[in-house]
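Q: Each chain is listed here by its residues.
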Amino acid sequence: AQSVAQPEDQVNVAEGNPLTVKCTYSVSGNPYLFWYVQYPNRGLQFLLKYITGDNLVKGSYGFEAEFNKSQTSFHLKKPSALVSDSALYFCAVRDSNGGFKTIFGAGTRLFVKA
Amino acid sequence: DVKVTQSSRYLVKRTGEKVFLECVQDMDHENMFWYRQDPGLGLRLIYFSYDVKMKEKGDIPEGYSVSREKKERFSLILESASTNQTSMYLCASSPSQGAGGANVLTFGAGSRLTVL
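Residue numbers (my numbering), protein chains in the order written: chain G, 18 to 131; chain U, 703 to 818.
There's no promise every hint is true.
Said to hold, decoys possible - Footprint (simulated), chain U over chain G, 3 or more residues, beta carbon under 8 Å:
1. 38-46
2. 117-126
What the hints assert, rightly or not - Each pair of labels, with its calculated beta carbon distance range:
3. G/Arg59 / U/Tyr752: 25 to 33 Å
4. G/Ser20 / U/Asn786: 19 to 27 Å
5. G/Pro96 / U/Ile779: 18 to 26 Å
6. U/Val714 / G/Asn85: 42 to 50 Å
7. U/Lys720 / G/Lys94: 44 to 52 Å
8. U/Val714 / G/Tyr56: 18 to 26 Å
Stated by the list, open to error - The calculated DSS-like cross-link candidates involving lysine-lysine, where the alpha carbons are at most 25 Å apart (straight line), are:
9. G/Lys118 / G/Lys66
10. G/Lys118 / U/Lys757
11. U/Lys772 / U/Lys757
12. G/Lys118 / U/Lys759
13. G/Lys118 / U/Lys715
14. U/Lys755 / G/Lys118
15. U/Lys772 / G/Lys66
16. U/Lys773 / G/Lys118
17. U/Lys705 / G/Lys118
18. U/Lys757 / U/Lys773
If you are wondering where the hints come from, they were derived from the structure by calculation, not from laboratory data.
Since we're looking at a predicted model, the values are computed, not measured.
Note that the Cβ used here is the ideal one computed from N, Cα and C, for glycine as well.
Let the sequences and hints guide you as you build the complete structure.
A: See below:
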């Protein structure tokens, strides 16, 4: 069965500092991995995805994520955080073996302090 | 601008009432999904549909049913609402698997349901 773990409920970082939001996954086949963001009172928005190829994936708003197959991780990163990055971040996985289901983690709330 | 539109942003219902949550997408997507979002639990898949009149159970289908009579519309039905169904409900859509693999979900703004 597919699963996603986001081990941190909350991440606090000062503006201008690098940020990391952690994600580990479990699938039977090869994974498709996603990050979505939810700003207050808004729906979820797609940030980036990993399908295959380069382990470092670049996405919207300066975010990137690194796929690590041996550690089954897909951590979200940004070199310099902005206050406007404060939001709820969800990691998600889908099994590439034809599955329709996208499974989400519990979410990590990011607070960026000015 | 492509959209997934959920008909109600906020609903308040009483225990035992029948509740309809409507979702319409204008992207001609084959796949549609209903999730519920609860703090600390993330998004949990209730039902999904990969074609008109087709439906599949997700991880938490109990107490829910769905209807997809037209490609653009996917309805979630609570036959007899209960307080533990108080939640944020999110509808999403995506193109078919054949459109290229890891298809991104496009979400609606959500429907916050309170059952008293």
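Q: Report the numbers of all earlier hints that the structure fails to satisfy, in ascending order.
A: 1, 5, 13 and 15
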